[in-house]
Structures are given as structure tokens and as C-alpha cells.
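Fit chains U, G and C with the ligands to the supplied structure of chain W, relying on the hints for placement.
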Amino acid sequence: MHEIPSVKTYVAIWATLTILTFVTYSVAKIDMGGFNIVVAMGIAFFKMMLVILFFMNVKAESPLTKLFAGAGFFWLILLLGQFFLDYATRGWMPEGKMW
Amino acid sequence: MPLFPESASTIANSIDYLYFYLIAVSTIMTVLIFSAVFIFAIKYRRRSPDEIPAPIHGSLKLEIFWSVVPFIIMLSFFWWGAQIFFESASPPPGAMDIYVVGKQWMWKIQYPEGQREINELHVPVGKPVRLTLASEDVIHSFFIPAFRVKHDVVPGRYDTMWFTATKPGRYHLFCAEYCGTEHSGMVGWVTVMSEPDYENWLTGGGSEGTMVQQGERLFQQLGCSTCHLLDQQGRCPIMRGVYGSHVQLQDGKTVLADDAYIRESILNPNAKIVAGFKPDVMPTFQGQISEEGLLQLIVYIKSLAITSAPGTTAPGAAGAATTGGGPRPPAKRTQPTGGKK
Amino acid sequence: MADSHGVVAEHAEHNPNLRHHFDTMAQQFDSATLGMWVFLLTEIMFFGGMFGAYTVYRSMYPEAFASTSKHMDAFWGGLNTAVLIVSSLTMALAVRAARLGQQKNLQILLVLTMIFGLAFLGVKAIEYHAHWVEHMVPYWNWDPNYDGQPQYAHNAQILFCFYFFMTGFHALHMIVGVSLMLVILMMARRGAFNAEYFTPVEISGLYWHFVDIVWIFLFPLLYLIGLHQHTT
Amino acid sequence: MSTAIQDPQTVERPNYLNAEYGWKSWLLTTDHKRIAILYLISITLMFFVGGIFAVLIRLELLTPQGDLVNSDTYNKFFSMHGIVMVFFFLVPSIPATLGNFLVPMMIGAKDLAFPRINLLSWYIYIVGAVFTLAAVVLGGVDTGWTFYTPFSSSYSNTFVITAASGVFVAGFSSILTGLNFIVTIHKMRAPGMTWGRLPLFVWANYATALIQVLGTPVVAITLALVGLERAFRIGIFDPAIGGDPILFQHMFWFYSHPAVYIMILPGMGVISELVTCFSRKSVFGYSFIAGSSIGIAIIGFLVWGHHMFVTGMSMYASLYFSLLSFLVAVPSAIKVFNWTATMFRGSIVYDTPMLYAFGFIGLFTIGGLTGLFLATLAVDVHVTDTYFVVAHFHYVMVGGMVMAYMGGLHFWWPKISGRLYPEGWAKFAALLVFAGFNLTFFPQFILGYLGQPRRYHAYAPEFQVLNVMSTAGASILGLGYLIPLIYFLWSMRHGPKATSNPWGAKGLEWETTSPPPTFNFDKTPIVTEEAYAYSHKQEVEVG
Ligand code: HEA
Ligand code: HEA
Ligand code: CUA
Ligand SMILES: [Cu+2]
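Chains as they are written, first to last, in the working numbering: chain W, 1 to 99; chain U, 1 to 341; chain G, 1 to 232; chain C, 1 to 543.
One should not assume that every hint holds.
Taking lysine-lysine and the DSS-like style, the derived pairs with C-alpha atoms no more than 30 Å apart in a straight line are [claimed, not checked]:
(1) Lys104/G x Lys8/W
(2) Lys272/U x Lys29/W
(3) Lys70/G x Lys253/U
These aren't lab readings, by the way, just hints derived from the structure by calculation.
Here chain W stands alone, though its shape is the one from the complex (with noise of 0.2 Å):
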């Protein structure tokens, strides 16, 4: 089918999420206040990028793969977006008119 990628792609892709566990785990002791958050969860966005892409194979699969495994991740935003919607907004009263 597609093209096989050899062992040492997968060996180093495997050192790549190893480190990059290490990583997550050294930057989470330091105080960066509201970036700690930020940090962990690119990490963790890039970590899950080379899953996909690599041990998953995603990157020589067909367009309509990647699309589909991009949904996921489009209506897993929405849903947080539009919880947030709410509730970053919750406070806010309008005094009076709407405009």
C-alpha cells in the first residue's frame, strides 16, 4: 500500500516522545503562572502530532484520512469553545441596553 517507514524513523520518533516526556515533566516545576498550562499542552499537541503523523502512519495516508482525523479535533474545539462561551461571559451584565 504505502511506502513502510523504516525502524530507525520509529526508533527516534519513540526517543522524540521520550525526551519529550521529560520535558513536560521538568517545565511543569517551574512557576511560569498561566503559560505552565500553555507549555504542557503544546507539548502535549506536538507529542500527539508525531503519534498520528508517524506510528499512525497519517502522513502517507490520503487527504480524505487526514481530514477525517482533523474533525475530530475541529468539533472536540467547538465544543470547548462554546462551553467557554458561556462560561468566560457568565459575569458580564449588561446594564440596561445590549448595544
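Same frame as chain W, but now just chains U, G and C with the ligands:
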């Protein structure tokens, strides 16, 4: 047989007009579509079994026309509806307060002057009334059809709604959110009275004193007064002047002392520790105090707010003052137990 | 019009693994992988519901949520992350072996994957036990003093609820994954696969990697939230 | 294709019905057509279970006092009516029966991509149904179909976990059906069957499948969390530890608003087929009808908050959800206008399926337009949780989807059973359904604006007249549903045999025999023309 509900509040008419507008547009659209279907069905009925009509594949112009025009019409629904919704979101300044607690399956209503009723609400005509809504158990919904107002009553938080009645009379009061066995029995009456009648009615009841006095009594009974002294530092923060102020917390943050904050501090005292005090000094009162009691305590603490002229007014008078130009709780929709800033 | 049973004869010369309603092996393989991806889409939304709720409460009670890191052992969590990543590697290599038709390697790698999967579950069990001992199970076995941080005791329970729900559902997926590996292993021993036909290996691999990805997010979200406050 | 000299009476061709006999050949079948029949039987049963609860509801509401049953029993009636009707009848209705039967045939495939998963989905459905019926038999559930917390998680004393498990399980059945459709439509189309040539019914089912796959897992996990909270007192919606009951509503409606489009899109697909066939005309605005299905599926995920305008959700969120609710109405409007335009200069006959299509267009329009009332913020404040809402959703669900389902069933019945139904009775029943429906539900709009809250066991006496009308209508409606059941059963034995294409319709399903052989086609068809090519004559431009 009534076909249209009575309109007895300032907002009722504006909602009715919008409703008529919606009905008019919908009727036009329905008639249009129905007659097109009818006319086509009759005019183009099959006249011979081997009749083959010419195909028509579509028209971009028409498609755009019938997507854009309906949407513009719908935007007028949106605009008008949102306008009324926002205008009716906040009560006008000076609205009088009434406190409502929903409980399976009754409405418990208390007035700052001390009256308490079940499933009956008395309001004067022509005066804005703000209801503070609390639930002891599940979600209820406070619904007065004649006023076209409704708001859910969600446990764990305070909600508010308001209206100004325009016509004396007796109107239905319903619970509109399904709440269990006697949901359909959680109904009552709203009595709108002329102002003098209302004053009369107010002085009739209230044998237990005003809400402030009831709150003060609870403050003693529950032992709050042993630590929270009014004017002098004890083991716990002073109560006078707390309400409406910005409280400095131990972790460096400040919070606004509103209804929700006071409610949380009673039920979950450790949640926010005031700077200079220790956690675990105060026991939790969760399960030991009813939602009504909580509201009384809040009204009492509110009456101690600095702006209501400390020392000069007796606690009883302060309660009445809050219904007038006194301090209003600044935030109305915050989560009582929430740690949000 | 021909006898409809003639269709069966038409397939006789095809690959025996080709099911009757497909025309070619490629169509069958593509359908299976697309099917797995669509299934993973539902899995994303399944966990997504919990992630969404988690995020809402975390924004409501940031301090209480951060305080829980003190009671999560980031060592075990980190170790488990590493274990899962290794298992993903062996899984990926297993799929590679299947593609190349290396039956022996395939079986070894599948066994390794299962071992790492079980190791993960073992570590999880140790952690659950520790939470029970430390009275960190909301409602059931909860320390109202919350180990000296009573100001968070109330809302921290929510995070622990999430912790048990999310890791619990994840562990359930791991159990399913290990069972799946067992089935694949048995099929491999029966000689069910060859370089033309390895679809089950491929799609179970996708599932395994997905379960790994979920953990990649759970680790920072559940173990590391407030680490910077507790190590200083 | 049917040839003139064919004599169906004498030759019994091998088909999916006579390919094998015995209960095992049905319960272990992987033939999508047989599975469709299994679904057809099960959802019909569930429809009548739900319908009996509807009858009981309407009987209780004949008088203002709650005198027929006590309030707990009434609460169980409407809860089980809603749960059974939504999750066990309407969600699977068209996709799992007509869709299962037709989607592979319409695209020229031999079966769905995963026949065994298809069978599995039916078994999962049955397990879910057994759970739910067990909840009914054991003593019922009284949370409403919406399972709102904290009532469902802490206060109800009924079989919430059993019922929620039933819905949870049935959800996976729905997911698997959707998954199968998506893969089948992507990968199994016959040569020449391009996306632009797909029948609109297939487009509609594809859009539905997207919602099933993306939405259902969220309601599954939400109900699982409620079940866990209830069973173990470990939970996240409990206000006592700082949980927010409103969050449950967000999670519930994330699925359940899109789910209302699961409950209408397949019906819209059926209507596209019916209107073209009985006008003998190619569809007006093919790509707009197809695209609007996808549009509804996507925008449908952006409007759920319109169920929560009075809950204390942020006002700005209300604003957003209200605006998008109007946006999602536009694709529906596009469809209604295009169907009407398709009839223009057509060659229209009034066979029973077309009568249902007329019914659909009319009643869906009314239902949809009243949906706009509800999406209008200030108006919703007054009418939410009243009978106005009840009337709205029965107009779209019963007046819309059930009409489409009945129309589709009549349309494809000759294909499914190989027999014709009695046309006279069918027309009569269709008229009964239409009349009975309007009498049942139109008065409820008035009741709603008057302020009668929904889920009320007893109501204020001044509402009685309208309620009596509604109950009277429901009896007519019930009769209207009973008659087709009888004549469909009758026709399976005694109906005249059907030719392969009794309506003279277009579409691959009509090119195979009635009933079709096991693998649908004796030879894989090759598609060379667009859908609904009822004529190849000169085109006329309009507009
Ligand atoms: C099949 C199911 C189905 C469908 C298709 C719809 C379609 C729509 N629904 Fe409905 N709805 C339900 C099922 C459905 N609904 C259910 C079950 C509930 C109650 C749940 C419960 O609480 O138990 C509900 C509740 C509900 C509410 C919440 C009410 C409340 O509880 O307060 C709202 C609010 O916005 C709403 C809106 C809409 C809108 C805007 C549409 C739109 O999609 C409609 C679009 C269609 C049209 C608009 C008609 C055609 C258009 C034209 C002819 C164009 C011409 C128009 C103009 C020029 C204006 N619905
Ligand atoms: C698919 C969805 C679906 C369908 C098809 C129906 C069908 C019907 N519904 Fe349903 N309904 C809902 C979905 C649906 N409903 C939902 C989701 C709710 C909300 C629940 C909640 O609040 O949680 C609801 C609530 C609801 C209420 C409001 C209850 C309340 O709030 O207190 C009412 C009241 O009239 C009602 C009536 C009817 C009627 C008369 C029918 C009729 O169309 C039924 C017709 C069918 C039959 C009558 C049975 C078949 C015939 C026979 C068995 C023959 C014998 C009978 C006679 C001759 C009379 N429904
Ligand atoms: Cu209280 Cu319904
Ligand atoms: Cu909706």
C-alpha cells in the same frame, strides 16, 4: 375559553407585539408555500400517463434570493428579541427586593419587611420588583405567564429576575422546570395590589420581625456573633461594612463581598480565607441552615454595610433602606460557590 | 439476467480474505482503515466530553485543581507515560512487521506490546491503592481536612472525580486494547496474516496509538497542574 | 429493467426474502436488507410502546384534575414516551430501516461496508431496548427524556440508571450505523456514481451519519457520568461540591440539538425522492439540497444553547446561540423552497407517498417557523417549557419525520416486500393522520402561549377545552397509524405482486427486482447519468 393570556406587566406588551410580528411573517410564509404547493399540484397534475415534463435544474439567482431574504427577515426576529431580552435583563435602580426559595414542591417567599408566604406572591402595581431566586434541591423555574417572565431556579447559586406589574389582579404562578412528583402542584398565585393596599397588606403580617431582624436572630442562634463581632476585631473578620466591599484574601487576591460570596463563606468557610485569619476556625454550616435562613443572614449582613449609615439606623430600618436606594448586590449571576474572580 | 448465486463463483479466484461485497483488496483495506478512523472520531468525542467538563471546572477552581498535584505521584504518571510510549513503538513496529510479512517478529512485538500494556495497568492499580489509603476518594473515603489544605477540600473533590472517571475510562480502553492484542496474536499464530492481508493488525494499531494519545493529554492535565507550586 | 412480457406471478425469482428460511437465517444474517427488516420490526414495536404512553398522557390530560393516574405515574408516562420515541424510534427510524435497505442499493453496492457490524448494531439496539423496557416494567423512570441533573443524579427514586444505560447502549448502535454509512458512501460507490450523482436520500443519510458519529459519544459519556454519580455518589454535577448542573445541560444538548437533525435530515432525504418521482421531474437545485444537508449537520452543532435561555447561562452566549439558530434555519428553508420549485411544471400524481410528502412540507414548515419563535430570545422566555415547545417539536418530529417515514415506507414497500399495498386504504389513512395530527397539536400552540407548562399532570381548568381537542385529535391520529399497520401486514400475503419499478421512478434501487436478490444486483451497475434524470429532453431555463 381564553385564547390569549392577560398582559399584566410592562414587558408583556412588548413581547406580545413581537409575537404578533412573528405570527404575521409566519402566516405569510406558510400561505405562500401552501398556495404554491396547492397551485402546482393542481395545475401540473399528470394528465396522461406518458407525460414527461421538461427538466429544470435550478437557478442560482433564485437560490440566493431565497436564502438571503429569509435570513434577513430572521435577523429582524433576532434583533427585536435580543433587544427586549437585554432590556429586561437588569432591574431598574430602586427595584424592591423579594426573596424566593424553591423547594420540592412549593415556593417560599419572604419580604424584607418580614412577611413569609407559601405559593403566594403579593406585589404592588407599578413598582419594579426584583426577585432573588434560590433552590433547596433541584432546578425549578419561576413562571408568571401574565407577566411573560420566567427564570430557572438553580441549586447552588442565586438567580434574579424582575418585572413591573401593571394591572391589579390575581395571576397564575407556575413552576416551569420539571422537578419531580408534584411539579404540576408547585403552583400558586401572584396578587397585584394597588400601592395603598399593598402597604396595608405589608403591615398586616410580619410577626417575626423584619428579615434583618430574623437574620440577626439567626446570627445569634447559630453562634456567628460569638466570633464575628460587629465593630471590634475578634477571631473572625468584623461584619460591619463587609458587604459590598472588596475583601483582601490570604492568597493575595481580592474578592467582592456580594450575596454569592457571603453564601459561600457560610457554607464552605475555608474556600476563601480573609488575609490575617486562619482556615478551619469556622465550622461549615452546610446542611444546618436552610436557603431561607441564608437569605435572612445575607440581608442582615447587607444591612450592616457601611453605606447604609452605620450606627445611625437601627437594624430594622436598614432593611427597609436596602429596598430603596441602598446598596445593591453588584453581581447577580456569579456562581456562589465558584472561585471565579 | 443471471442467477444471483453466480456471484459467489465470480469470487472464487480472488484472495480468500476478500469478503464477498468488496471488489478488491485495496477497497477492503481502505474501508477498514477509514472505518477505524471514523471510530476514533467517536472516541475523541467520547473523551472530549470529559475534557470539556474538566476544562470548565478547572477554570472555575484553578487553585483547588492545582492543589491536587500534591497528591498525584508524577513519578508513576511519568513512568506510565514512558511505558505507553514504548508500547506504541512496539505496536508500530508490529504493524511494520505485518506489512513486511515477518510473522515471527510480528508475534514477538505483539507480546511485548501486551506486556507494556499490562505494566501500565499494574502501575495504575498501585496508584489507585495509594489514593484509597490517603483518603483521596471523593464521598467514599475523603479526608475533609484534605491533608492540611482545607480551603481546597471542597472543590478538589471534583478533580478527583475527573481523575477517576478519565483514568478509569482510559484503563477500560487499555483492557480492551490488550484483549484485542491477544486476539490478533492468536490470529497471527494461526497464520491468518501475510504481506497482502494484515488489516486487523493495522487497525488495532490505530486503536492502540489513540489510547496512547489520550494518556499523553491526561498526564499533564491530571498530574502536573500544580507541580510548580509544590516543588518550591 | 422491467420488460413488458415479464410475468411475475409464475416465476419466483431468488430474492433476499426467500434465499434462506428459518429464524436463524434472520438472526444471524449479515444482509443489510434483512437487518433493515429486523430494525423495522423492532422500531415499529417501540413506536407502539411509545404511542401507548402518548395515549395514556392524552387520556390523563382530558380533565384538568390529575384523576386518571397519580402524579408519579404521569411523570413516568411522559418520560418513557419521550425516551422510547426519541432514542428507540425516531433516531433509528429512517436511517436504520430505509437507509439500511436503500443506501447500498442506491449507490450500486452489494452491501454496507461492514455487514457484521451492521448486525451487531441491531443487537446493541436490542440490548438497549431491553434495558429501557426493563426500566419500564420494573417501575419506570421519571426524569423526562432530558435527564436533567441534579434531579436525575440525586433526587429521583426511579430506575434512572437502567434507563440511562439503555440510552447509552442504544447510542452505540446509532454510532455504528453512522460509521457504516460513512465508509460505505465513501468507498463502495458503483463505477460512475460520483458525489454529484448521488441520490439526495444518500446525501441526507451521509449528513445524518456525521452527526451520529460526532454527537452521540458526548451524550453517551454524559449519561454515563450521571449514572456513576447516581450509583457511587462520585460525580461532577453536584452543587454540594461546587458542581454546576447547567454544565450537564450543555453536554446533553451538545448531542441532543444535533440529534434533532438526526431526526429530520433522513426525512428530508425521503421527501426529495418522493417529490421528484411523483412530479416526474429532476430535482430543482440538486447541489443546494445536497449541500444544505451538510450545512445543517455542521451548523447544527453551533446552536444547542437555545434550549437554555432561561437557565442563567451567560446573556452573551444566549445572543450567540439565538443568532446561529436563525442561521441553521436557512438550509431548511432552501430545501422547502427547492421542493416546491421542483413541482413547478411537473407532472404530479397524488399517490399515497406524495400525499405524505405534501403533509411533510406543510407541517415541517409550521414546525420550523415556530422553531424560529423559540429561537427569538424574548419570546422563548415566555414560551419555554410550555406546550408551545411541545407543539413545535411534535410538528417537526411527528408532522415532519414520521410523515416522511410513512411516505418512504409506502414508496419503497413494493421494493421491500415485493407486494403492493391497498391504495384506497392508504390514502384514507394518510388523510386521517394529517387531520388527526393538526387537531392534536395545533391547540397546543395556543395552550403554550397561554402559559400551560409542559410535564404537568394537572392543569388550570381554563385550559380544558383545548386539551380535549388535543386528546380527540390523538385518537384520530392513533387510528391513522393503526390502519397502515394492518394493511401492510395484510399485503405481505395478499397484496398484488409488485413489478421491479411500480412508480416509474429513477434510481438504482428500481433497476433490480422487487424484492432484490441477496447481493442487490446481478451485475454491478454502471452509472452514466445524474440522479432524477426523468427526461433527457431540452432543458428550460427559469429564474
Ligand atoms: C426533528 C426535530 C426538530 C427540528 C428539525 C427542529 C428544528 C428547529 N428547532 Fe426545535 N426542538 C425539537 C426538535 C426539533 N427542532 C425538540 C425535540 C425540542 C424540545 C426538546 C425538549 O426540551 O424536550 C426543540 C426545542 C427547540 C427550542 C428550545 C425551546 C425551549 O425549550 O425553550 C428551540 C429554540 O430555539 C428550537 C428551535 C428550532 C429551530 C430554529 C429549528 C430550525 O431548524 C427550523 C428550520 C425550519 C424552518 C424555519 C422552516 C422552513 C423555512 C422556511 C419556509 C423559510 C421561510 C422563513 C422565513 C422567511 C422566516 N427548538
Ligand atoms: C419521535 C418522537 C415523538 C412522537 C412520534 C410522539 C408522538 C406523540 N406524542 Fe409526544 N413527545 C415526544 C416525542 C414524540 N411524541 C417527546 C420527546 C416528548 C417530551 C417528553 C418529555 O417531556 O420528557 C413528548 C411529549 C408529549 C406530550 C407532553 C407531555 C407533557 O409535557 O406532559 C404530549 C401531550 O400531548 C405528547 C403527545 C403525543 C401524541 C398524541 C403522539 C402521537 O403522535 C402518537 C400516536 C401513536 C399512537 C396513538 C399509538 C399507535 C396506535 C395505537 C396503539 C392504536 C390504539 C390507539 C388509539 C385508537 C387512540 N407527547
Ligand atoms: Cu418545581 Cu417544577
Ligand atoms: Cu434545539
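Hints, verified against the model:
1. Lys104/G x Lys8/W: OK: Lys104/G and Lys8/W at ~20 Å, within 30 Å.
2. Lys272/U x Lys29/W: 26 Å, holds
3. Lys70/G x Lys253/U: 22 Å, holds
In this structure, every one of the numbered hints holds.
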